[in-house]
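Visitor: Sequence:
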Amino acid sequence: MKQTSLEGRYAIILGEDELKDKSVIIKDLSTSDQEKIALDLVEKHMKSLPL
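All residue numbers for the sequence shown refer to our numbering, where the first residue is 81 and numbers rise by one.
Treat each hint with caution, since some may be false.
Listed below are the simulated DSBU-like cross-link pairs for lysine-lysine, each with C-alpha atoms no more than 30 Å apart in a straight line [as the list claims (entries may be wrong)]:
hint: 1; residue 1: 107; residue 2: 124
hint: 2; residue 1: 127; residue 2: 107
hint: 3; residue 1: 100; residue 2: 124
hint: 4; residue 1: 100; residue 2: 116
hint: 5; residue 1: 102; residue 2: 124
With beta-carbon atoms standing in for the labels, derived distance ranges [said to hold, decoys possible]:
hint: 6; residue 1: 86; residue 2: 130; range: 16 to 24 Å
hint: 7; residue 1: 124; residue 2: 88; range: 17 to 25 Å
hint: 8; residue 1: 95; residue 2: 120; range: 12 to 20 Å
hint: 9; residue 1: 96; residue 2: 131; range: 25 to 33 Å
hint: 10; residue 1: 100; residue 2: 131; range: 29 to 37 Å
hint: 11; residue 1: 94; residue 2: 127; range: 16 to 24 Å
hint: 12; residue 1: 130; residue 2: 96; range: 26 to 34 Å
hint: 13; residue 1: 123; residue 2: 99; range: 14 to 22 Å
hint: 14; residue 1: 93; residue 2: 127; range: 14 to 22 Å
hint: 15; residue 1: 120; residue 2: 90; range: 14 to 22 Å
hint: 16; residue 1: 125; residue 2: 99; range: 12 to 20 Å
hint: 17; residue 1: 130; residue 2: 100; range: 28 to 36 Å
hint: 18; residue 1: 86; residue 2: 114; range: 17 to 25 Å
Hint data in this document are derived by calculation from the structure and do not stem from the laboratory. Please read these numbers as outputs of a predicted model, since none were measured by experiment. Beta carbons: idealized from backbone N, C-alpha and C, even for Gly.
Sequences are here, hints too, so could you generate the full structure?
Guide: Quick look at the structure:
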């Protein structure tokens, strides 16, 4: 996995396991907290996160 030099607070991680269960991992880069979210809820979840 590569780390980018772009600044941002959140990363969306999509690996083989997530593809199988139709989810993504959303990671807060400022706290390292992460949670698994169903693909159909990603947009709603991202809109609810603080900037």
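Visitor: Now, for every hint given, state plainly whether the structure supports it.
Guide: Structure-based check of each hint:
Using a Cα cut-off of 30 Å, the hinted pair residue 107 and residue 124 holds, with the two alpha carbons roughly 15 Å apart. Between the alpha carbons of residue 127 and residue 107 the distance comes to roughly 14 Å, so the proposed pair stays at or under 30 Å and holds. In summary, the hint linking residue 100 to residue 124 is supported, as the alpha carbons are separated by about 21 Å, within the 30 Å threshold. Of the pairs offered as hints, the one joining residue 100 and residue 116 holds, with about 13 Å between alpha carbons and a cut-off of 30 Å not exceeded.
Note on residue 102 and residue 124: the hinted pairing holds, with a Cα-Cα distance of about 16 Å set against a maximum of 30 Å. In this structure the hint that residue 86 and residue 130 lie 16 to 24 Å apart at CB holds, the actual value being about 19 Å. Separation of residue 124 from residue 88 is about 19 Å and conforms to the stated range, judged on CB atoms against 17 to 25 Å. For residue 95 and residue 120, the Cβ-Cβ distance of about 18 Å falls inside the hinted range of 12 to 20 Å, so the restraint holds.
The supplied range of 25 to 33 Å is met by residue 96 and residue 131, whose beta-carbon atoms lie about 30 Å from each other. Evaluation of the 29 to 37 Å hint for residue 100 and residue 131 yields a pass: the beta carbon distance comes to about 31 Å. For residue 94 and residue 127, the hinted distance range of 16 to 24 Å is satisfied, since their beta carbons lie about 19 Å from each other. The hint said 26 to 34 Å for the Cβ distance between residue 130 and residue 96, and at roughly 30 Å that hint holds.
For the hinted restraint 14 to 22 Å between residue 123 and residue 99, the CB-CB distance of approximately 18 Å keeps it satisfied. In this structure, residue 93 and residue 127 meet the distance hint of 14 to 22 Å, their C-beta atoms being roughly 19 Å apart. Against the hinted window of 14 to 22 Å, the Cβ-Cβ separation of residue 120 and residue 90 comes to about 18 Å, which satisfies the hint. For the hinted restraint 12 to 20 Å between residue 125 and residue 99, the CB-CB distance of approximately 18 Å keeps it satisfied.
Here the CB-CB span from residue 130 to residue 100 is close to 30 Å, well matched to the stated 28 to 36 Å. Distance hint check: the CB atoms of residue 86 and residue 114 are about 18 Å apart, consistent with the given range 17 to 25 Å.
When the structure is compared with the earlier hints, no violation turns up for any of them.
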